[in-house]
Amino acid sequence: MKEQVLLGDEAVALGAIHAGLTAAYAYPGTPSTEITEFLIRYMEKNGGPHAAWCANEKTALEEGLGVSMVGRRALVSMKHVGLNVAADPLMNSALLSIEGGLVIAVADDPGMHSSQNEQDSRFYADFAHLPCLEPTDQQEAYEMTREAFELSEWYRTPVIIRLVTRLAHSRAVVHLSDPVEQRPLQKTTNRAGWILLPANARKQWQSLLDRENELQERSDNSPVNRLDLNKADNSLGVITTGIARNYYFENLDDLTCKPSHLHIGMYPPPLDKMRKLAAHVDTLLILEEGYPLLERQLRGLLPRAKGDLTIRGKMDGALPAAGELTPDIVRSSLGLEPAQGVRVDGLPLATRPPQLCAGCPHCDTYSALTQAMAGFEKSVVTADIGCYTLGALPPYSTIESCVCMGASIGMAKGASEAGYRPAVAMIGDSTFLHSGITPLIDAAAGNTDMTLVILDNEATAMTGGQDPLIPSSRLEQIVLGVGVEPDHFHVVPAHPKKVDQLAAILRTEMEHKGLSVVIAVRECIETAKRKKAAAAVTAIS
Amino acid sequence: MRCDIVLAGVGGQGVLSIGAIIAAAALEEGLYVKQSEVHGMSQRGGAVQANLRISDSPIGSDLIPKGRATMILSMEPMESLRYLEYLSPEGTLITSSKPVLNIAKYPDLDEVLDAVRKLPHSILVDADRLAREAGAARSTNMVIVGAAAGLLPIEPVVIERFILKKFRNKGDKVVDINLKAFRAGREAAVCTPT
Ligand SMILES: Cc1ncc(C[n+]2csc(CCOP(=O)(O)OP(=O)(O)O)c2C)c(N)n1
Ligand code: SF4
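For the record, the sequence lines run as chains A and B. Sequential numbering from 1 applies to the first sequence in full-length UniProt numbering. Sequential numbering from 1 applies to the second sequence in full-length UniProt numbering.
Since the hints were made in silico from the structure, they are not lab data. Only a predicted model underlies this, so the values are computations on that prediction, with no experimental measurement involved. By construction, the Cβ of each residue, glycine as well, lies at the ideal position given by its N, Cα and C atoms. Keep in mind that the hints are not guaranteed to be accurate.
Claimed, not checked - Label pairs and their computed distance ranges (CB to CB): (1) L197/A / K165/B: 56 to 66 angstroms; (2) R132/B / E377/A: 49 to 59 angstroms; (3) M112/A / Y106/B: 25 to 35 angstroms.
My request is simple: use the sequences and hints to build the entire structure.
This is the structure:
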């Protein structure tokens, strides 16, 4: 059997390829980015399957739906907050009669290593009534992705694969199985299953609800959802989900009495097995990476009789409600002594937050902005997500918000219309294409008194420097196309030698009573460096 | 056999590539390997940490529990001290001695280096100098791999083979520099009492 060292993300990608994938769509986002990077490299080397970055997660999912509609298999990947953007197609696609398998790989970021929140995508699966598979390791990531396509076609539903940072970004050997061919091109013949007019949608919704029992049964019989009862002891039962099992196993040898254990890797959860375990033990400890989904269901609402099951988890403080699990957190929840490491006393270490690279074009834009803002009695600077969010930290400390992709523009508009001016929005080129155009249309419609700065570094830098989706020069046409006045539109280099020029333009436009847009442009030095190095290698070989 | 390594440094220093070389060599030796990395936000000049676990039996957690690490391998002295709670009392801390001064409040360097020296087992390597002598400052990470080689459950020749493989497409000169750096690290570690 062949084997390969893969990141959790890459195992999903290769699993999809070996499952006969036809097309993959995504918008980058840590920790999901490497799924599509792997697929794009694979496509460049092998000529397919098709893999592409999209404008955002919503367009990616809709493109995946199109592939499914004509009978072929599609993978759509994103980070957890991307699923908010794709929530509309997600919730509605649950009602479709999926033709070609459609798998949505979502990578959550508990602990917020690189994210604004730590939302748990299993709740979306539950909300949308979609099956969800949650691997514990790279091998399962590979196998479950393959299985997800089968499930998707069998139950005619999209299937979610839920990853978390520590699996997405961890490498191990994966044993591969034989690949299968792509599906034939065959458009759905079930028109009513794809046209969600109310009359059809009601039927589809009913059949989705009817399917629930079948899925439930499948989950209870799934070998992934494995129950091991300790017949000799009924003091403690442990439920693990996803990678929590790894941390549990890490500590298992130190427990004198082995608890009964149920692992859950497929949702809807196996209710029979959960009931069986609960009936067997006095105390049930629930180890979930994410929000307490199962714990909430198990606790229920009604008070329990005295002497009944004790449930322990994130809701009673047995485990912290915030942040990711670790082997040490799980250890203490099992009542084991913490292991001691080495200590040095009396030497305070300085924190080392991330920062803009030396020579980054964003530095010049922020220098210019600081200069332009000097002397205004009051001003507000909203911003967005990307490398330029680091303008929140010293030495710049200029931006005042970072919420979700595209929010800077709408927020500046709101602040301005509420009377707080000058209002300036700072957004990166990729974020602008993702979710910035629609709020700019709002601002252009009312000629809102605000200034939008697009920091165009010709890359999606924060997530590793993906190429722009369309040539950066086309941003100009977009901005002018929605109706921004040419007199109040400028394209200026973001360069140390042009800081004064940029500052002067920003100052004038901040004083202008109406909408203005400034594109500050220079390529990210990291991507520029990489292109140069790649060119050098090509020259050698 | 278990060898749990915490890799540390500053984003951009090539911390992950240290892990990649050791991991590839361990796999060649038929060992189980898990390497947990952090990508994204923290790579921009911030503190970076990765976990590499090597074992002759299957590995559960991708993360190393506290007090269990066999080794901390660091590209930067202050960063090496950040993860001490993970180091087993019998474990060894190996670090480059050259600081990365991209922050305002770096503690007194002598105190940092003293703290490293006072640990029960530590190896302080002037990896930057050795790398320059080998031919390129960029091979610092290879000096650090070399300094760790004596404590790894992998034959040095296997590691050398992977250095060759990794840099082959960059030309003989680059391969040579990295091999020299690796060997310099090995020698430096041998000369340091731990
Ligand atoms: C909905 C959503 N999708 C993806 C991300 C991940 N993400 C954050 S910033 C960013 C790209 C930023 O690119 P750009 O706006 O060009 O700024 P740069 O990093 O290049 O400065 C991405 C993909 C996110 N936070 N939210
Ligand atoms: S990666 Fe590029 S955009 Fe990001 S901080 Fe560095 S130079 Fe700036």
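Here is how each hint holds up against the structure:
no. : hint                                : result
1   : L197/A / K165/B: 56 to 66 angstroms : 59 angstroms, holds
2   : R132/B / E377/A: 49 to 59 angstroms : 53 angstroms, holds
3   : M112/A / Y106/B: 25 to 35 angstroms : 26 angstroms, holds
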